[in-house]
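Take a look at the letters that make up each chain.
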Amino acid sequence: MEVRDVIVLNRAGIHARPATMIVDTANRFKSQIFLKKDDLQINARSIMIILTLGATYKTPLRIITEGEDEKEAADAMAALFDSKFENE
Amino acid sequence: MNVLTVLDLLGLNCRSNKDLKLSVAAGRKGLSREIGTSYVNRPGLALSGFFDQFAHDRIQIFGRGELAYLKKMSRDERKTALEKLFAFPIPCCIITSEYDSETDIVEIGEKHSVPILKTELNSSDFSQRIVTVLGDYFAPSEIIHATLVEVYGIGVLLQGDSGIGKSETALELISRGHRLIADDAVKLFALSGEILMGAGANEVTRHHLEVRGLGILNINHLFGVGAIREKKQIQLIIHLEEWNSQKNYDRFGAQDVTKTYLGIDTPFIEMPVKSGRNIPVLVEIAAMNERLKKLGYNSAREFNENMLEWLENKRTRDLYFKNEDQF
Chain A
1 MEVRDVIVLN RAGIHARPAT MIVDTANRFK SQIFLKKDDL QINARSIMII LTLGATYKTP
61 LRIITEGEDE KEAADAMAAL FDSKFENE
Chain B
1 MNVLTVLDLL GLNCRSNKDL KLSVAAGRKG LSREIGTSYV NRPGLALSGF FDQFAHDRIQ
61 IFGRGELAYL KKMSRDERKT ALEKLFAFPI PCCIITSEYD SETDIVEIGE KHSVPILKTE
121 LNSSDFSQRI VTVLGDYFAP SEIIHATLVE VYGIGVLLQG DSGIGKSETA LELISRGHRL
181 IADDAVKLFA LSGEILMGAG ANEVTRHHLE VRGLGILNIN HLFGVGAIRE KKQIQLIIHL
241 EEWNSQKNYD RFGAQDVTKT YLGIDTPFIE MPVKSGRNIP VLVEIAAMNE RLKKLGYNSA
301 REFNENMLEW LENKRTRDLY FKNEDQF
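Top to bottom, those sequences are chains A and B. In terms of this note's numbering, the first sequence opens at residue 1 and continues consecutively. In terms of this note's numbering, the second sequence opens at residue 1 and continues consecutively.
Straight-line distance between alpha carbons at most 25 angstroms, and here's what the computed SDA-like set of lysine to any residue pairs gives:
no.: 1; chain 1: A; residue 1: K36; chain 2: B; residue 2: L4
no.: 2; chain 1: A; residue 1: K36; chain 2: B; residue 2: S141
no.: 3; chain 1: A; residue 1: K37; chain 2: A; residue 2: L80
no.: 4; chain 1: A; residue 1: K37; chain 2: B; residue 2: E142
no.: 5; chain 1: B; residue 1: K71; chain 2: B; residue 2: D125
no.: 6; chain 1: B; residue 1: K187; chain 2: A; residue 2: I64
no.: 7; chain 1: B; residue 1: K29; chain 2: B; residue 2: E110
no.: 8; chain 1: A; residue 1: K30; chain 2: B; residue 2: G213
So, partial list: chain B residues that the calculated Cβ filter (under 7 angstroms) puts toward chain A:
no.: 9; residue: I143
no.: 10; residue: H145
no.: 11; residue: S162
no.: 12; residue: A201
no.: 13; residue: E210
Simulated from the structure, these hints should not be mistaken for lab results. Ideal Cβ placement from N, Cα and C applies to all residues, glycine included.
Using the sequences and the accompanying hints, generate a full structural model.
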């Protein structure tokens, strides 16, 4: 299991486009990928449930990955948050 | 644990038989006080000066009795009694009976920043409603990755990995006239520890479906208000999964398999997905079969009983005819 702590750095928070990018990134890997906000842990492969997190600017989130490519998946997800969801 | 401030309580969207009909009479500064429990208290004993076991973390309800008692006191006695009461960190006071300005409670509440709320309801109606409303709010809950639909009146929770076709199944069920409660993010509540309810986890995303290739669909606008529902008791859980040839799926259906959420058992079906299997139809049938079971008819068990009876008859018949042949 790999864990990365990230902070939402884009002003608008996690809205539809960042959520889509998270799902697209998650789907590139075989591992299970979760996002955790406070006590709520959700599957990062579903746009709707990511939006449900209501992650606004500066919300701390935890990325949890588990599986054969867990390290790569965690790094890619963390990089996505650090890039403020700007490049595509 | 959820936190509910008095302000949140005023803002709760409760309708019809849950409408609390509250308004603020005094103590706006204290509206950020937290309500920590779903119980309420009648502060009669506390007003008379008895504070042992005083439930100060509960909402204090002032009904006709409490107000009459206050009214009977002299002005100074009343002031002392209320100030003693307000020295406790009580969340708020709610006056249910017709407010009488002679009781000074509004003035003293304002002075101590204790929210004093009024309701149009009488004490017993109000107590009943507030216990239900707070009970719902403080009910143990959990957000899970699943889709919740109502099929022939049965709340069916569809589970399974991403991409297995939960949303597509829901969409087909909706076009067949069933209802959507929530897609992808379902919030489960345990009501009084017995009823498992499900609702959309979020006001904004609920009643939206995300289907690969189509994007996000607003079911309310596409299919009308008849195709959606706010919340529903979960009566059947169906787990969709890739067909696994190594696995033995239930072929007979007489066993009662259940799955537990928040301490409540719900009938559970594992449904393998494979081309040639029309999942929405299977879900419909599973829901109907579940209704039949609820009405007291278990297809699989009945079938088995009939079979046993027939075998028994056949044995006796065989015996009889065999005997006849011997003549």
